[in-house]
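Protein chains: 2
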Amino acid sequence: MVGRRDAKATATAAPEAAVPPASKEPRTERGRRTLRAILDAAAEEFGEKGFHDGSIAGITRRAGVALGSFYTYFDSKDEVFRALVRDMSQQVKEHVGPAIRAATSQIDAERAGLLHFIRFARAHKEIYRIIDEAEFVDPESFRMHYATTADRIAARLREAADRGELRDDISEVHAWAIMGMNVFLGLRYSVWAEDADPEAIADVVASMLARGIAR
Amino acid sequence: MVGRRDAKATATAAPEAAVPPASKEPRTERGRRTLRAILDAAAEEFGEKGFHDGSIAGITRRAGVALGSFYTYFDSKDEVFRALVRDMSQQVKEHVGPAIRAATSQIDAERAGLLHFIRFARAHKEIYRIIDEAEFVDPESFRMHYATTADRIAARLREAADRGELRDDISEVHAWAIMGMNVFLGLRYSVWAEDADPEAIADVVASMLARGIAR
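Chains A and B supply the protein sequences, listed in that same order.
Numbered per the UniProt record's numbering, the first sequence finishes at 215, counting up by one with no gaps.
Numbered per the UniProt record's numbering, the second sequence finishes at 215, counting up by one with no gaps.
Treat the hints with caution; some may be incorrect.
Each pair may be met inside one copy or between any two copies, as identical chains are not told apart.
[To be verified] SDA-like cross-link-like pairs, simulated, lysine to any residue; straight-line CA separation at most 20 Å:
hint: 1; residue 1: Lys-125; residue 2: Pro-198
hint: 2; residue 1: Lys-49; residue 2: Tyr-128
hint: 3; residue 1: Lys-49; residue 2: Asp-138
hint: 4; residue 1: Lys-77; residue 2: Asp-40
hint: 5; residue 1: Lys-49; residue 2: Arg-143
hint: 6; residue 1: Lys-77; residue 2: Phe-136
hint: 7; residue 1: Lys-49; residue 2: Glu-135
hint: 8; residue 1: Lys-49; residue 2: Ala-196
hint: 9; residue 1: Lys-93; residue 2: Tyr-71
These are computed hints drawn from the structure, not numbers from a lab.
Construct all of the structure, not just a fragment, from the sequences and the given hints.
Here it is as structure tokens:
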């Protein structure tokens, strides 16, 4: 069972093209490093300045790459922003996925998902500004980010219900509720202030998911 | 007990100045109607066009008031936007408050809060765009909106725990978790698509809060 926990989710998690569009995928290890440097620099640039004040020149300067290298992978500021949103979705998934799959119960898996998301958001506070700004700059990316995340959560909850670990009436509503909790707990305890222990926060939520909050 | 459910919350809910700043509060019933028309028009204008493309002229046209009337209450586009965010916080509170106070248990109260929030968001879909854009246009208003909402939820949960209705270990984390659920369920089932019955959504969440999702 362990190790298959998130299996079905993988299939639904990337309905869009890879990052960047397939025709521009780097073919060498050096190319992959350059692309990675550009995306990391874009996260810094847009995270600090926002989309409108951020610039391609700012990105290449931060990345330490030539303008020509940028245009090898992206045609415009819009395109690198869109790729960045997909990349951040992917990074969250890769960061929390292993811990979720290693958990020995679904409640533990959800606990691990939140714990590792809070840690990721502390190290990448800019993710909030970038995803939130996507609502205005690139609504389709914004929608895709949350829709694919919710699909992934719904798939793993459904599997756990089928295994008999969760209630039979598990639905998409639970997935959106859990995603919403995690996003807002990350906003409060990663972006606004790191004034609580992530393990303690994850314990509270795991216990709520296990048995509710009624006396 | 009923009728006092949200009492403590009232005190913590409005640390900011009233809408608009006190010096410009309307003194007559006619003035109050004009101010209401301006705020409703501002919600339409910013909800449709966003802050940057929205204009004072667009607001006064929609409201059917003279430019001079606008400046009786607000000095700038920034100021009316800030007042609008506070007004929307207040409207949500007034819309969900009575149902929360009328509930006969805290789980029912949380169910009622979500149910009425989903209904409010279906009738006022623009609230998402306005609050979300506040993160960029007026970060202090954005922060205040969520901080005061979380304080209100935390206060009513704490009271319910003190009454013996909820677990003793109720904390701010539960308040943020519940707020996050509600915001994302509203995004999914009010703004994106009205493809599920609000009563059914509220039932799912109430049951999760009552006894968790484990089998």
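Against the structure, the hints come out as follows:
no. : hint                : result
1   : Lys-125 <-> Pro-198 : within (15 Å within a copy, 33 Å between copies)
2   : Lys-49 <-> Tyr-128  : within (13 Å within a copy, 23 Å between copies)
3   : Lys-49 <-> Asp-138  : both (17 Å within a copy, 15 Å between copies)
4   : Lys-77 <-> Asp-40   : within (14 Å within a copy, 35 Å between copies)
5   : Lys-49 <-> Arg-143  : between (22 Å within a copy, 19 Å between copies)
6   : Lys-77 <-> Phe-136  : both (15 Å within a copy, 19 Å between copies)
7   : Lys-49 <-> Glu-135  : both (16 Å within a copy, 13 Å between copies)
8   : Lys-49 <-> Ala-196  : neither (28 Å within a copy, 39 Å between copies)
9   : Lys-93 <-> Tyr-71   : neither (27 Å within a copy, 49 Å between copies)
Going down the numbered hints, you'll see the structure goes against 8, 9, while the others check out.
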